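Visitor: One letter stands for each residue in the lines below.
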Amino acid sequence: MNQTLERHPDEGAMIRVIDGVLEPDEVETVGRHVQSCASCTSRLEQLRLVSRSWTSALNLTDGVVDGRYPSVPEPMRVRAWASRAWLMRAAVLILAVGMFGIPSVRAAVSNVWQRLLGESTPAAEIESTAITADVMTLAFPFDGATFELSFDSPQAMGAVFVTFGKAERVRVRVENGRGTELLVQPAGMHVRNTARSTASYRIDLPMDVREVRVIVAGRLARRLEAESGVTIELPIQP
Amino acid sequence: VFAQRSERVSTSRDDLESSGAPDASVLYERHAAGLLRYLTRMCGDPDLAADAVQETFARMLARPVPDERSHAWLFRVGTNVVREWARTGRRRSELLRAAPGGVATGDTAQAPDAELERRQLAQRVRAALDRLPERDRTILLMREEGFTHQQIASAVGTTTKSVGTLVARALRRMSAEIPLRSEWTQQ
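Those protein sequence lines, which keep their order, are chains C and W.
Start counting the first sequence at 1; every next residue gets the next number (my numbering).
Start counting the second sequence at 1; every next residue gets the next number (my numbering).
Only chain W is shown next, with the shape it has when bound in the complex (with noise of 0.2 Å):
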């Protein structure tokens, strides 16, 4: 009787990898790291962008797409989560906030100078960011995950070739708000 039901569970394991369809955890192992930074960056609140990704992951369950799509597919309903949200005005308050004193993110020990330029920085930036058209951000948000321009095209709703166009528009506009230092990151 047990060497029957282990057989059979291994049957319908095999079926299920068979199917096509891409392990959750799997999928979250590869893409949430990427999602969470992107998200975080599109509206600004890393507690907002948590659950936005939790809740993309939620809805890939319950409509799972073939892995080759899979990316895309999870950044384009993250960003539509984050944009309905913020459309019906979702308060934060909803949510449950991280205690506070997260661990910094490795940076090292920097003088207390150099820390205060850098979030000035960053807050200059952030600012910058937030007034950028929604589409013109994603764009730019999109090819800094690595995106090619076909999939940004189709996340948008715009030709492949405009992207490039609306890619350098954008920078454009965003080193006319604010200084573009490459040397930024060796602060």
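The shape of chain C in the complex, shown without the other chains (with noise of 0.2 Å):
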């Protein structure tokens, strides 16, 4: 035997009917008495029609904030990061630094010898991954204790997560972070430039991190779209 309901819906009921999560129970006798009640079919249609004029409403809102418009986050591209130009010039400056014979300046000078002659793992080479919206990710697996991150965003809101896998002890060296916030967590670091300014990072890893990826997001990732102001250092050798 159908049930219906002796009273009219409450319009919390009209409203589940709308977004269609009626609960099992409710479909026959809700339902039922929606269809055969004519003030109700009439509730009905007018909560309808309040439901979708509120959602144009809010797409109006989208179009006009405060009396300005939000910017529309544009497609990018990621550049070649490791350029071997890039590359060859680094190679020389540490070359005439290691003249010197400074241990860590030799080690990164073999390092860089060791890309340049294709003799380094080609699991060294930093993979980018380019997506469509206002993020992208460079990723390269780690092998060696240090790296350093740095970046020029001038007038620039965005963030940088650095993110090293499982790692639970980072440390990290500003170089010049002025007018950055830093913040490092067990298994990442999230770096905001809240100034114009230039950042460097030298930032130490366990020995365990394998990974790590940088994950440029928000109006940063479009400015350096823009700009190409980020250089992500070879993994220096301990």
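The hints are simulated quantities; they were obtained by calculation from the structure and are not laboratory data.
All of these numbers come straight from a predicted model, not from anything done at the bench.
Errors might be hidden in some of the hints.
To be verified - A partial selection of chain W residues facing chain C, derived with a Cβ cut-off under 8 Å:
(1) Arg-76
(2) Val-77
(3) Ala-114
(4) Leu-116
(5) Arg-118
(6) Leu-121
(7) Glu-144
(8) Thr-148
(9) Thr-165
(10) Arg-173
(11) Ser-175
Beta carbons: idealized from backbone N, C-alpha and C, even for Gly.
Two chains, two frames, a set of hints: combine them into the complex.
Guide: Shown next, in the form of structure tokens:
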């Protein structure tokens, strides 16, 4: 036997009808009542109209907020990051300094030489992924203890997330991070530029870290697309 | 040696992927636009909302959540971030404002009268939205983002069945403040 409601359903039930989320026990009772009751059918249509109008009203505020138009993220491409020309310049620079015999520099020279000669592991190449919105991810396997992240993002708001897999200890030395906020967390860090600035971080990682991901997001990413201001230094051997 | 290194790296990657922790960039691509829209509607300030989106994703990095819960989690935390900043009086001047002259949202050129009317209507809607109690605003905005009544109920701390009643009441309140008209988007 079909059950119907003796009384008219309340507006909460009407909203559940509109949203298609009636409880199983309500489908028969409420649904059947609304179909057979002209008054409720009219109420339902009126509420549906209000609901649709509300969606339209919200779309209207999306166009203009506080007298301004929100900017629209542009699709972006990731530039070729670690180009051979860049490597050559780095090699010349490090070689020149390396003449002084500083052990850590010698190690870096060795690293760059290996890359130039193609002796370094292919896994050391930065893998870059272009994402259509306003995010780019650079992921590279990590086989050292230190790497350097620097960026220049004048008048840009955004974020750089750096994740280190499951690392629990991260030490970051800020070279000149004026105007930036740095939040170091167990498994990564978050850099946010709050002023026109150039920031450079030298990051020491536990030896068990094997992969680093750098995620540039938001307006900073869009800015970087135009200025190409981020450089990710090669992982430096300990 | 290099082969060993490569093998070790790929093993590490497999571990990361099999851990169930969603990739932050994938989540960003999937949810950031909706979260930005939601938070902008919530607080009325696109710059503040954009910063709240970044903050929300930064918190997610510190405390990864399972993929199936990430959508609701991001919106709940994003709402809390905006609320915290409002309560602590975080000033806009602390944030770097985006350079003026942002790109219009792809609208076709409109006659000045129509544009003016559109702006006035938008301001009235914004003002009415600001006057709504926070819980009602959250409910309406989450519903617009396609959350289920159960997820909304969980976010605002009520029962699933009462969400419909709260939505209806908030809609009535909005339509009492401004005459809602479905044809606005065609203007």
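Visitor: Now tell me, hint by hint, if it's right for this structure.
Guide: Each hint tested on the structure:
1. The criterion of a C-beta within 8 Å of any C-beta in chain C is not met by W/Arg-76, whose closest approach is roughly 19 Å, and the hint is violated.
2. Evaluation of the W/Val-77 hint against chain C yields a violated restraint, the C-beta minimum of about 14 Å exceeding 8 Å.
3. Given hint, W/Ala-114 at the interface with chain C, is violated; its Cβ is 12 Å from that chain's nearest Cβ, farther than 8 Å.
4. Nearest Cβ of chain C to the Cβ of W/Leu-116: about 11 Å, over the 8 Å cut. The hint is violated.
5. Taking 8 Å as the C-beta cut-off, the interface hint given for W/Arg-118 holds, the closest approach to chain C being about 7 Å.
6. With its C-beta approaching chain C no nearer than about 6 Å, W/Leu-121 sits inside the 8 Å limit, and its interface hint holds.
7. For W/Glu-144, the interface hint holds, since its Cβ comes within 8 Å of a Cβ in chain C; the closest pair sits about 6 Å apart.
8. Annotation: W/Thr-148 was flagged as interfacial toward chain C, and the flag holds, the nearest CB pair being 7 Å apart, inside 8 Å.
9. Hint on W/Thr-165 holds. Least Cβ distance to chain C is approximately 3 Å, under the 8 Å limit.
10. The criterion of a C-beta within 8 Å of any C-beta in chain C is not met by W/Arg-173, whose closest approach is roughly 11 Å, and the hint is violated.
11. Evaluation of the W/Ser-175 hint against chain C yields a held restraint, the C-beta minimum of about 5 Å falling below 8 Å.
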